[in-house]
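Under this note's numbering, read the sequence shown as residues 1140 to 1249, first letter to last.
Simulated from the structure, these hints should not be mistaken for laboratory data.
Relax, there's no trap hidden among the hints.
Keeping only pairs whose Cα atoms sit at most 20 angstroms apart, straight-line, the calculated SDA-like set for lysine to any residue is:
#, residue 1, residue 2
1, Lys-1169, Glu-1231
2, Lys-1207, Arg-1155
3, Lys-1220, Asn-1236
Between beta-carbon pairs, the in silico distance windows are:
#, residue 1, residue 2, range
4, Glu-1205, Pro-1243, 33 to 41 angstroms
5, Glu-1177, Glu-1209, 17 to 25 angstroms
6, His-1165, Glu-1209, 36 to 44 angstroms
7, Thr-1147, His-1179, 29 to 37 angstroms
8, Ile-1146, Gly-1211, 18 to 26 angstroms
Every value quoted in this text rests on a predicted model; they were computed, and no experiment measured them.
Every residue, glycine too, gets a C-beta built ideally from N, C-alpha and C.
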Amino acid sequence: MNWRPLITCEKASFGRGVVFRFLAKHPFEKVVDFMIIEEHDSPTSYKIICSSGYHAGQTELVFPAEAKYESGGISVDWLKKNWSIWVYPECEPTEVNYVDCYPPGHGVET
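Generate coordinates for the entire structure from the input sequences, incorporating the hints supplied.
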C-alpha cells in the first residue's frame, strides 16, 4: 500500500474509505488502523471506526459539524489540527499515515 504522511496531505477533504495508520497504546494493538465511514446520523455524515485488531468495527469518533468540508467530506485541515484532540490523543498528526482505501484483496490470504 502507498501510505502517505497525513501532515503533508494537500487534499482539501477526505471521504469514506480513507484509512489512517499509527502507533497506538493499550487497549489497541501496537499499530492500529482507523477508517472513515459514512454515518448518516452524524452532523457531517461521517465517523471513524477502528478497522484492525481486536477493536475492529468499534466507533472511535462521530465527527462534529465543524469537521465538515464546505463541499462535502471531512476537512483535512480540521483533521490535522484536531487529531490529538478528537481522534487519538496519544499521538500527534505528524505520526499518522493515510491511504485512500484498502486495496482490493487486502487481508485475503491465498
